[in-house]
Amino acid sequence: MPLPTSDICNMKKQASNGGSAPLLGDAKPTGLREVLGTRALVGMIFFEVAGGPYGAEPVIRKGGPLLAILGFLLIPLIWSLPIAVMTAELCSHDPHVGGKIHFVHKCWGPWVGWMNGWFNAVSNVFDVATLPAMALGYLEVLIGTTLSATQRWWTSFVLVAAAVVTNVAGVEIVGDVSYVLCIVVCLPSLVLVLIGTPELADFPAQADMQEVMWLHFLTSLMWNTSGFDDAGASAAEVRAPAKIYPKALGISVALVTALYVLPLSVGVAVDSAPERWHDGFLATVGERLGGAPLGFALSLAGFASSVAQLNALLCTSVREIICMAEQPGQPVPACLGTVHPKLQTPHIGTVLFGLVLTLTLQYHFVELIAATVIFDCVSFIIQFATWIRFRWETPADENEAAFRLPVGFTGVLLWSSGPVLLSALVLFLTLSMGGPALYGTILAFVVGEALYLAYAAKRRWVRFACDALAQGIALEAQKGGLNAQAPCESLAALRRLGALALVAKRCEELAGVIEEGADGAEGDGDPETVLWSVLRLIDSLLTVMACSDSEATVALAAALAALRAAQRPEAQVEALEVISTLFEGEAQSAADTDSRLLRQASESLKSDADVVEKLVLLLPDLDEDSQGVALMALVLLQSARPEDVQNHAEAIQEAMASFSKTQLEDAGVRPAFLQSLV
Numbered sequence: 001m002p003l004p005t006s007d008i009c010n011m012k013k014q015a016s017n018g019g020s021a022p023l024l025g026d027a028k029p030t031g032l033r034e035v036l037g038t039r040a041l042v043g044m045i046f047f048e049v050a051g052g053p054y055g056a057e058p059v060i061r062k063g064g065p066l067l068a069i070l071g072f073l074l075i076p077l078i079w080s081l082p083i084a085v086m087t088a089e090l091c092s093h094d095p096h097v098g099g100k101i102h103f104v105h106k107c108w109g110p111w112v113g114w115m116n117g118w119f120n121a122v123s124n125v126f127d128v129a130t131l132p133a134m135a136l137g138y139l140e141v142l143i144g145t146t147l148s149a150t151q152r153w154w155t156s157f158v159l160v161a162a163a164v165v166t167n168v169a170g171v172e173i174v175g176d177v178s179y180v181l182c183i184v185v186c187l188p189s190l191v192l193v194l195i196g197t198p199e200l201a202d203f204p205a206q207a208d209m210q211e212v213m214w215l216h217f218l219t220s221l222m223w224n225t226s227g228f229d230d231a232g233a234s235a236a237e238v239r240a241p242a243k244i245y246p247k248a249l250g251i252s253v254a255l256v257t258a259l260y261v262l263p264l265s266v267g268v269a270v271d272s273a274p275e276r277w278h279d280g281f282l283a284t285v286g287e288r289l290g291g292a293p294l295g296f297a298l299s300l301a302g303f304a305s306s307v308a309q310l311n312a313l314l315c316t317s318v319r320e321i322i323c324m325a326e327q328p329g330q331p332v333p334a335c336l337g338t339v340h341p342k343l344q345t346p347h348i349g350t351v352l353f354g355l356v357l358t359l360t361l362q363y364h365f366v367e368l369i370a371a372t373v374i375f376d377c378v379s380f381i382i383q384f385a386t387w388i389r390f391r392w393e394t395p396a397d398e399n400e401a402a403f404r405l406p407v408g409f410t411g412v413l414l415w416s417s418g419p420v421l422l423s424a425l426v427l428f429l430t431l432s433m434g435g436p437a438l439y440g441t442i443l444a445f446v447v448g449e450a451l452y453l454a455y456a457a458k459r460r461w462v463r464f465a466c467d468a469l470a471q472g473i474a475l476e477a478q479k480g481g482l483n484a485q486a487p488c489e490s491l492a493a494l495r496r497l498g499a500l501a502l503v504a505k506r507c508e509e510l511a512g513v514i515e516e517g518a519d520g521a522e523g524d525g526d527p528e529t530v531l532w533s534v535l536r537l538i539d540s541l542l543t544v545m546a547c548s549d550s551e552a553t554v555a556l557a558a559a560l561a562a563l564r565a566a567q568r569p570e571a572q573v574e575a576l577e578v579i580s581t582l583f584e585g586e587a588q589s590a591a592d593t594d595s596r597l598l599r600q601a602s603e604s605l606k607s608d609a610d611v612v613e614k615l616v617l618l619l620p621d622l623d624e625d626s627q628g629v630a631l632m633a634l635v636l637l638q639s640a641r642p643e644d645v646q647n648h649a650e651a652i653q654e655a656m657a658s659f660s661k662t663q664l665e666d667a668g669v670r671p672a673f674l675q676s677l678v
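For the sequence shown, our numbering begins at 1 and goes up steadily by one.
I should point out that these hints are in silico values taken from the structure, not numbers from a laboratory. Please note: incorrect hints may appear among the correct ones.
[Claimed, not checked] Computed beta-carbon distance windows for the label pairs:
hint	residue 1	residue 2	range
1	169	239	12 to 22 Å
2	206	243	44 to 54 Å
3	151	240	41 to 51 Å
4	340	411	37 to 47 Å
5	432	342	44 to 54 Å
6	203	340	18 to 28 Å
7	200	454	52 to 62 Å
It should be emphasised that the depicted structure is a prediction, and the values quoted were computed from it without experimental measurement. Yeah, the Cβ is synthetic: ideal placement off N, Cα and C, and Gly gets one too.
Make a model of the complete structure from these sequences and hints.
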């Protein structure tokens, strides 16, 4: 029986050399190509995190110049670097699309996985929505005028649409464009630093602590240095994750820190008044130092940086949605993970995410930053808990090729403490202040939980139906209502429970779930696991009943249809055993001739010899219910013994010609099976 995938952290499969299986699996989704190298990944990470000093103005406005620069020096060490190290280690061990979404789900199961994914999705919407707002700040400096609300919305819409088109075109294009734009946006900042170095003599050496707006200061600072975990979203498309991730993340942390500290130090030395540091003010500083050309270059670079960040973050956000669509027990439509056959990009998810972004285009920059960081903090606490558990349960020599921080378990706890404590502090400040941020967080949690419970209720009906049925059977048995020596009375008792009809209906629905590629809910594992319990239940029912019944046949047909959809050979073998039991049960109440034929069919299914030939010979002589069961067996045998079925294709076609379309459908015989015999 296939193992449920909801808790891989608890799997301890012993390998032939005595070691244990990897805590995180190495499976990659099909359809995505490994095309990203170090250069492209550095470009993408750079824009996922920062994109240069552009957008850092709120940090200075809310915290003052000295605290802002100190923050950009210290936060990368206690916040960005641990996140980067965690991402590099987990991604090199398990390069899976979605990165952090995949790790958390595999470690903690579907509920925590869903809440982590949900908070990430909400955060990503607000995070990506900050970028058109930031781009507009620099665009207004470029054109020298303030845009109206309508003009801002339509300009933002065009930027989002352009990013959607680029992402649909291909991830390698996103990576290459990001690398080129990385160079372009860095050049004006470098010129600013070279020209403004003499101004550092006027750097403000004091801070007015009473004027600091701590929550907005911290959230803006953390937002500007967050995003290294997003690098894991494209792990399945990186050529050699174990080598490229540590290198690319290390380069990115150093580059981001330098490009914040150096230009902003010059900027606050030129103008240290926090109230003047509005969006796009860095370009004004450049104009004072280098004239209109440098001011124009910084505005253009800030605009280009915002566009490039929009491009890169849209890419990673959609891949996290793909991962959620692939994970079992997640209320995310499977179609969102669909990859375009030619472009090999998640086109449906990308377009839909772009449409959702249009709903947030009217909000302002700082409001969006605060919403983003609140949801990020919850996610980071869960991610570091995942890393800690991964280290606790994974031997150091398990995957020697993967990157592993050269510290023990205590070292991992210390590395994790900075981001976790900082996240907890921001959450505490947010909750204590109340207002829209608090209510929005509560609303997001309630909506996410409601979605999960609704999905679970829909997907767990088979489990509930089987539990209720088992309890009902137990009660009837205690009252003497079920008796193998009195099959008719037993059947009446089961009908009072509505048992077989209920199981039949639920199995038909479950077959549709599997065919659509969806997954089971928490506690069920995958749908095939549920079907195994259904089959065993039907098996026990048939033993108790000791007779045939059309409702039992329908229930079994529905269960087998779902098992065929699952395409699990071991489940098909189990189904054949149940059919054998059904034949035995029918033989006990059948006429002498039919009884002999049914026993032959049952014995044939238990052996490997000529089972297809015997079933074909028996088919014309069986009664209608038994014929339906024999047809189910033949369909299952096509997967278990395809050559044997093909050898008797002509005889099977001839035998099936006497059945109506309805009879064939009731037995689970689809046109595809008949066509395969031609």
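Going down the list of hints, with the structure as the test:
no.	hint	result
1	169 - 239: 12 to 22 Å	holds, 20 Å
2	206 - 243: 44 to 54 Å	holds, 46 Å
3	151 - 240: 41 to 51 Å	holds, 46 Å
4	340 - 411: 37 to 47 Å	holds, 43 Å
5	432 - 342: 44 to 54 Å	holds, 52 Å
6	203 - 340: 18 to 28 Å	violated, 52 Å
7	200 - 454: 52 to 62 Å	holds, 58 Å
Hint compliance for this structure: hint 6 alone is broken.
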